[in-house]
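2 protein chains.
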Amino acid sequence: MDVVSENRCFGGVQTVYRHRSATCGVDMTFAVYLPPEAENGPVPVLWYLSGLTCTHENAMTKGGFQEHAAEYGVALVFPDTSPRGEGVANDEAYDLGQGAGFYVNATQAPWKPHFRMYDYVVNELRQDLPKVQPFSGAHGITGHSMGGHGALTIALRNPGLFHSVSAFAPIANPTQSDWGRKQFSAYLGDDEAVWADYDATILLGERGWKGDILIDQGTSDQFIDLLRPQALAEAMASRRQPGVVRLQEGYDHSYFFVSTFAGDHVRWHAERLYNLGRD
Amino acid sequence: MDVVSENRCFGGVQTVYRHRSATCGVDMTFAVYLPPEAENGPVPVLWYLSGLTCTHENAMTKGGFQEHAAEYGVALVFPDTSPRGEGVANDEAYDLGQGAGFYVNATQAPWKPHFRMYDYVVNELRQDLPKVQPFSGAHGITGHSMGGHGALTIALRNPGLFHSVSAFAPIANPTQSDWGRKQFSAYLGDDEAVWADYDATILLGERGWKGDILIDQGTSDQFIDLLRPQALAEAMASRRQPGVVRLQEGYDHSYFFVSTFAGDHVRWHAERLYNLGRD
Numbered sequence: 001m002d003v004v005s006e007n008r009c010f011g012g013v014q015t016v017y018r019h020r021s022a023t024c025g026v027d028m029t030f031a032v033y034l035p036p037e038a039e040n041g042p043v044p045v046l047w048y049l050s051g052l053t054c055t056h057e058n059a060m061t062k063g064g065f066q067e068h069a070a071e072y073g074v075a076l077v078f079p080d081t082s083p084r085g086e087g088v089a090n091d092e093a094y095d096l097g098q099g100a101g102f103y104v105n106a107t108q109a110p111w112k113p114h115f116r117m118y119d120y121v122v123n124e125l126r127q128d129l130p131k132v133q134p135f136s137g138a139h140g141i142t143g144h145s146m147g148g149h150g151a152l153t154i155a156l157r158n159p160g161l162f163h164s165v166s167a168f169a170p171i172a173n174p175t176q177s178d179w180g181r182k183q184f185s186a187y188l189g190d191d192e193a194v195w196a197d198y199d200a201t202i203l204l205g206e207r208g209w210k211g212d213i214l215i216d217q218g219t220s221d222q223f224i225d226l227l228r229p230q231a232l233a234e235a236m237a238s239r240r241q242p243g244v245v246r247l248q249e250g251y252d253h254s255y256f257f258v259s260t261f262a263g264d265h266v267r268w269h270a271e272r273l274y275n276l277g278r279d
Numbered sequence: 001m002d003v004v005s006e007n008r009c010f011g012g013v014q015t016v017y018r019h020r021s022a023t024c025g026v027d028m029t030f031a032v033y034l035p036p037e038a039e040n041g042p043v044p045v046l047w048y049l050s051g052l053t054c055t056h057e058n059a060m061t062k063g064g065f066q067e068h069a070a071e072y073g074v075a076l077v078f079p080d081t082s083p084r085g086e087g088v089a090n091d092e093a094y095d096l097g098q099g100a101g102f103y104v105n106a107t108q109a110p111w112k113p114h115f116r117m118y119d120y121v122v123n124e125l126r127q128d129l130p131k132v133q134p135f136s137g138a139h140g141i142t143g144h145s146m147g148g149h150g151a152l153t154i155a156l157r158n159p160g161l162f163h164s165v166s167a168f169a170p171i172a173n174p175t176q177s178d179w180g181r182k183q184f185s186a187y188l189g190d191d192e193a194v195w196a197d198y199d200a201t202i203l204l205g206e207r208g209w210k211g212d213i214l215i216d217q218g219t220s221d222q223f224i225d226l227l228r229p230q231a232l233a234e235a236m237a238s239r240r241q242p243g244v245v246r247l248q249e250g251y252d253h254s255y256f257f258v259s260t261f262a263g264d265h266v267r268w269h270a271e272r273l274y275n276l277g278r279d
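Residue numbers (the UniProt record's numbering), protein chains in the order written: chain A, 1 to 279; chain B, 1 to 279.
Because the hints were derived from the structure by calculation, they are not lab data.
Just so you know, not all the hints are guaranteed correct.
[Said to hold, decoys possible] Selected chain B positions facing chain A (Cβ under 10 Å, derived; list incomplete):
id, residue
1, 67
2, 137
3, 205
4, 209
5, 248
6, 254
Remember, it's a predicted structure, so these values are computed and weren't measured experimentally.
For glycine and all other residues, C-beta sits at the position ideal for the given N, C-alpha and C.
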């Protein structure tokens, strides 16, 4: 595991790593923030999955999460959004291929060999994290837009591995959206029954979540029709799923929205992940 | 004055403007953050001057200042670092020409027609700000690297216009540094006596500052030899100038450093600018 960069930040350390991913068959880049608290022993981990076109870097530089992670004693992990590089399939559209992995395991050509972001996050990177630093074993997961979709679907399918979940303006119901149908068709093929494993609204309705869920969504989000927060809100209420869906007046889809509520999400996860540790 | 973009952020509004600058002879872009407090009446303004290669955007997206400005009820102004565009002189080096205005009024060809960032900030943009919003009249100024140099020199020369000053890793003594001598020679000519008006260490030694000064400097700053914080620290101590020079262990020159201490600087200015209003 190679260190690409290392910067002191809010008393802790923001590091970017590159490692060989057997799952994706290429070198992958990710970032980890360690709060000062990590010097005293293992801390919980909060995963942040990014949205379309992003790399590990966007939230690391623009999300403002480190300040809150330092305050609440939580580590942050920022994975990339897809495999990249020569020999990796791509598409000229911004919402398919590199930068748009959608946190699925592709089963269709030409995506199948490398586009396995679901397994990469859930298994490979999670299992590799102790090489960076010993963590407490308590994992929370959040994300923005496509990454909010990833966070919700990964948590809902893996309640034994992830212990708290939230999302910023998630793609909440991709099987019914042009941010989902196009990509699932390409990555997973035409059998829509298979798509259901990657739709947060369907998964929540079927399985529920063991804890409570925090969703933030701006009312002036320019992509809100593609995100379909109403589908997830309806599913949560129908299921009697504990949680909070906050419609934040006037906020759009940008990192100005994400950074505004970053502190609330870090605190939300820290409270749940530290309580877990005390059980 | 045209609105380029507008985003809700921490309960306030982050706006980017474009206006015609008579001083620079081109259209200039700048950003203003209004905290929620601005809805209730005029608030103080904190100027943030950026460093080499930056535009209005870098600190706006990576500095993390808005959270603190919202908390303390201060507006933020982020000017560009130089005139830009066709017909504006430039240089292939990153540290001369566009993106590297050094907050001086150039007197030499080919820079003289457009490179007047000192007058642009001190006079034109400051006088145009009420077109954005009525402000309280209390102005603080800070900045990073080349922008820290700009903040210190502009405040020291204009104690009637600016009421509080701080800096992040400023170019503290440019007349004795390769970040300064090259540029001053190009913009101002070979008469080094003229340069003294743009050297914070010299100005501080000669004039002092009416209030106290806050300087943050990372000990692992990769450019520290060019910044010469020791010259400014010596001048402050020799002059018995009230203030704080903080050497922050392990921090480098990046926005990870700036964002870590952004809250301290916003609070520092807010305390002084609001006290001023109460006199």
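Outcome of the hint check:
1. 67: holds (7 Å)
2. 137: violated (27 Å)
3. 205: violated (31 Å)
4. 209: violated (29 Å)
5. 248: Result: holds, 8 Å to nearest chain A Cβ.
6. 254: holds (5 Å)
When the structure is compared with the earlier hints, violations turn up for hints 2, 3, 4 and for no others.
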